[in-house]
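Fit chain D to the given chain W structure using the hints.
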Amino acid sequence: MNILDYTAVELSAAIKKGEVTVVEATEAVLAQIEQKEAELNCYVTLDKEGALAQANDIQKKIDAGELTGPLAGVPVAIKDNMCTEGMLTTCSSKILGNFIPTYTSEAVINLQKAGAVILGKTNMDEFAMGSTTETSAFGATKNPWNTEHVPGGSSGGSAAAVAADECFYALGSDTGGSIRQPASYCGVVGMKPTYGTVSRYGLIAYGSSLDQIGPLAKDVTDCATILETIASHDFKDSTSVERDTDFTKALVDDVKGMKIGIPRSYFGDGLDADVKEKILAAAKVLEEKGAIVEEFDLDLVEYAIPTYYTIADAEASSNLERFDGVKYGFRAEDCDELHQMYKRSRSQGFGPEVKRRIMLGSFVLSSGYYDAYYLKALKVKALIKKSFDEAFAKYDMILGPCAPTTAPKLGASLSDPMKMYLGDIYTISVNLAGLPGISVPCGVDKNGLPIGLQLIGDCFNEKKLIQAAYSYEQARGKFSLSAKEGK
Amino acid sequence: MAKQYETVIGLEVHVELATKTKIFCGCSTAFGGEPNSHTCPVCTGMPGSLPVLNKQVLEYAIAVGLATNCDITRNGKFDRKNYFYPDNPQNYQISQLYLPICRNGYVEIETEEGGKKKIGIHEIHMEEDAGKLIHDEWEDATLVDYNRSGVPLIEIVSEPDMRSADEVIAYLDKLRLLIQYLGASDCKLQEGSMRADVNLSVREVGASEFGTRTEMKNLNSFKAIARAIEGEKARQIDLLESGEKVIQETRRWDDTKETSYAMRSKEDAQDYRYFPDPDLVPIVVSEEMIEKIREKQPEFRSEKMARYKEEFDIPDYDIDIITNTKRMADLFEETVALGAQPKKVSNWLMGETMRLLKEQSMDPEDIRFSPAHLAALIAMVDKKEINSSVAKTVFEKMFSEDIDPVKYVDEKGLKTVNDEGALRKTIEEVVANNPQAVEDYHNGKEKAIGALVGQTMKAMKGKADPAMVNQILKEIL
Chain W
2 MNILDYTAVE
12 LSAAIKKGEV
22 TVVEATEAVL
32 AQIEQKEAEL
42 NCYVTLDKEG
52 ALAQANDIQK
62 KIDAGELTGP
72 LAGVPVAIKD
82 NMCTEGMLTT
92 CSSKILGNFI
102 PTYTSEAVIN
112 LQKAGAVILG
122 KTNMDEFAMG
132 STTETSAFGA
142 TKNPWNTEHV
152 PGGSSGGSAA
162 AVAADECFYA
172 LGSDTGGSIR
182 QPASYCGVVG
192 MKPTYGTVSR
202 YGLIAYGSSL
212 DQIGPLAKDV
222 TDCATILETI
232 ASHDFKDSTS
242 VERDTDFTKA
252 LVDDVKGMKI
262 GIPRSYFGDG
272 LDADVKEKIL
282 AAAKVLEEKG
292 AIVEEFDLDL
302 VEYAIPTYYT
312 IADAEASSNL
322 ERFDGVKYGF
332 RAEDCDELHQ
342 MYKRSRSQGF
352 GPEVKRRIML
362 GSFVLSSGYY
372 DAYYLKALKV
382 KALIKKSFDE
392 AFAKYDMILG
402 PCAPTTAPKL
412 GASLSDPMKM
422 YLGDIYTISV
432 NLAGLPGISV
442 PCGVDKNGLP
452 IGLQLIGDCF
462 NEKKLIQAAY
472 SYEQARGKFS
482 LSAKEGK
Chain D
29 MAKQYETVIG
39 LEVHVELATK
49 TKIFCGCSTA
59 FGGEPNSHTC
69 PVCTGMPGSL
79 PVLNKQVLEY
89 AIAVGLATNC
99 DITRNGKFDR
109 KNYFYPDNPQ
119 NYQISQLYLP
129 ICRNGYVEIE
139 TEEGGKKKIG
149 IHEIHMEEDA
159 GKLIHDEWED
169 ATLVDYNRSG
179 VPLIEIVSEP
189 DMRSADEVIA
199 YLDKLRLLIQ
209 YLGASDCKLQ
219 EGSMRADVNL
229 SVREVGASEF
239 GTRTEMKNLN
249 SFKAIARAIE
259 GEKARQIDLL
269 ESGEKVIQET
279 RRWDDTKETS
289 YAMRSKEDAQ
299 DYRYFPDPDL
309 VPIVVSEEMI
319 EKIREKQPEF
329 RSEKMARYKE
339 EFDIPDYDID
349 IITNTKRMAD
359 LFEETVALGA
369 QPKKVSNWLM
379 GETMRLLKEQ
389 SMDPEDIRFS
399 PAHLAALIAM
409 VDKKEINSSV
419 AKTVFEKMFS
429 EDIDPVKYVD
439 EKGLKTVNDE
449 GALRKTIEEV
459 VANNPQAVED
469 YHNGKEKAIG
479 ALVGQTMKAM
489 KGKADPAMVN
499 QILKEIL
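Chains as they are written, first to last, in the numbering used here: chain W, 2 to 488; chain D, 29 to 505.
Isolated chain W, as found in the complex (with noise of 0.2 Å):
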């Protein structure tokens, strides 16, 4: 069996049994990241020789009976934007260019005490501010179903490094949808977990109040068993929360009785018929399992873009404060006082769609505005997690597509900001309201690009979600870019 056909658990469990070394699977990975990353640009910033010095290190701890867990052993991938000490941290922007943090984060650690290989880290959009990875500053990542398109973003590096099996399985963040949108175009399994679940310690934030890390997989059982792994009621993140992660006990093939809704709302306008189709049939797999499944009214729909982005951006203005040239980072040369400085760093520094938001998001903080943007936003997200708890009520999940298309072509969005924000639609409502949701590849469109099943459930309802997407998965069979291209 090839290596890289192996998922995380896979892998680890044949690792365990001495049927492959810890050197053999990173080497592999390292092969196949030399072969694909000149056309896809999944890494900025790739680490070949500690990725094998750590595979030597674990594999001896493995050897001695040190290191048991089921990640051991398997080679990782980190989006760019959570920290690692002694490895650049850029958020795929110029102004972090050439940060390198003194500290690692929390998820990471987490990862690193259960036997992870750390190969590098992911392309993204810039300071996660962008649904393609095209905004990133250095270059755009190809999504590998099909290199004209985009992977998504702005976990769109760790998606496509799924897909393309230069790792194994990658962390993600996911503050609108980062997460789950590239998961579902580039037909891997990616999770956001209820607000609190993952330490936010080390992650480069961009809307505190909204982001999440969590996984990017090559299937549901990799997908719990890393939340699993990184989740951690962290003393030092405030809005960690102390709560059960026993994940894995939710693969379990059965949804009988399950009573998933869907919003008749998710399937308006707007939405591609492939899409709509696979997802439709998606659903009626669940209910020939013994789901009930009925449509729904979900309320204030409508208004979770703006409100989304009135508030994401103004924590993110507040946020990105600190690039500033003075301490760490990208300082503009030849400055001749501070303010000078400050301002030609940051000019230089941001791209156009940090700027955007930053300015977008200064604006709804600015004093006159606060009350009638900022502060009236916070309300309609206390509405929106109101209509969900409605919804939670009577079922035990929501179900529809994650993103109204499948991946758009690169370039086709940077020219129309406004419908770029649109696509955000299905996702964004999520991070607002707190809850977990998960994208489960369910089939592709007639030009062959994969299609995701979201599934939202009720803070801290994971297992649930886990569950009902194992179930799914089982009847789907596998689905993965090797298995369609045939190797």
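These are computed hints drawn from the structure, not numbers from a lab.
Since this is a predicted model, take the numbers as computed values, not measurements.
Among the hints, erroneous ones may be present.
Derived lysine-lysine pairs resembling DSSO-like cross-links, with alpha carbons at most 30 Å apart [what the hints assert, rightly or not]:
hint, chain 1, residue 1, chain 2, residue 2
1, D, Lys-160, W, Lys-387
2, W, Lys-465, W, Lys-237
3, W, Lys-237, D, Lys-109
4, W, Lys-328, D, Lys-83
5, D, Lys-491, D, Lys-412
6, D, Lys-160, W, Lys-328
7, W, Lys-465, W, Lys-250
Residues on chain W that point at chain D, a partial pick, calculated with CB under 8 Å [claimed, not checked]:
hint, residue
8, Leu-97
9, Arg-201
10, Ile-205
Note that beta-carbon positions come from the ideal geometry of N, C-alpha and C, so glycine has one too.
Relative to the frame of chain W, chain D by itself:
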């Protein structure tokens, strides 16, 4: 007749809290230390770092709020105040605007006329201090030290209830005492652990509207505050008298030149774009927490003064001075608890201690000697093991180095010689060697005996009991 003016003053007082660690991270708040040695990713604003509230800060803020009769906010928040400056590593300060921890309080001050007056407290909020910029003349570069970044502060905002510099000083002194007694801060103006900005306006006596106010910064002592108030009052009246307007602005006081100059006007006031900090969870204060803090409130000064009057036989004047700082009061009570007579403890504190503090420009907070050592010194004098002049020398040593007085007297051989035979022998020699003084004494010059006592003490190297010397001298003469 010239118009009569009234001064209206409100204060913004920043107090550095005495926590061991910073407000949002575990770094030390200790003063000094190599630049940037008390820092971590959080207080240097590293990407991805997150603040976590130090609970002690909340407890101190609530304690100060209770002591100043404030309402305590049960569901509060922290807000970000956004502005770019290099001493502020995140380019926003975490503070409280919308829901400050304490509101609607007051403290009572005594006025010049001996009456009482309530000064309203608008609010108290918690916030983080900034780092320090150091200009390197040699390199022509500015360096940043983040050791102070994240040190916890409370800002106490008064109502515009004060009408004179005396009232301002009385109010500040009251706050200082309350906060020191709570142990929430050492409140040193000179060192910046207590900082006051003065908002001042003038209006004609009897006017119902307030005049336009200015805010005065950089006031480092009570004296500077008093001078700045007089200066600003005169400046504003001069403007009004000459038909000009007072401009709402922030001014900086230069105490050496006794003048102020404008820093920034309201027109170029920044928009701080305050909004709730999403990295910190709402502050929830339970009844139980408030009760616990209330139970721990110490005996404040007025209560202490009343008790001293009842329990100790010492003058009111002494009580006033001793209770004026928590440090002195603690020292007094602890020494008395070790068995020393209250009046004697008071004498040491009022006399030698105050003298040495003044001589060395020190605050009572800086006192190093322990109550145990003071009690031991008093006991030695009581037992006539040392005489009072030796005691003073020993005390000076204690004051500067906190030496153990018993050990010190032993090592240096300072004990009083109580051997009457030896003393008598020395005195006889002194009398034989000083016939002139003896004759003067016999001729009715009572004072002449002083010279003989002095000679004896000198011969005894100061270790004799003066009363005993006197007695023996008189017998011999």
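Results for each hint:
1. D/Lys-160 <-> W/Lys-387: Roughly 46 Å separates the two Cα atoms, so the pair is violated.
2. W/Lys-465 <-> W/Lys-237: Within the cut-off at roughly 29 Å; holds.
3. W/Lys-237 <-> D/Lys-109: Distance of about 22 Å is within 30 Å: holds.
4. W/Lys-328 <-> D/Lys-83: holds, 29 Å
5. D/Lys-491 <-> D/Lys-412: holds, 11 Å
6. D/Lys-160 <-> W/Lys-328: holds, 14 Å
7. W/Lys-465 <-> W/Lys-250: holds, 10 Å
8. Leu-97: At 7 Å from the nearest chain D Cβ, W/Leu-97 passes the 8 Å test, so the hint holds.
9. Arg-201: Holds: closest Cβ of chain D sits about 6 Å from W/Arg-201, inside 8 Å.
10. Ile-205: Cβ of W/Ile-205 sits 4 Å from chain D, so the hint holds.
Violated hint: 1 only; the structure is consistent with all others.
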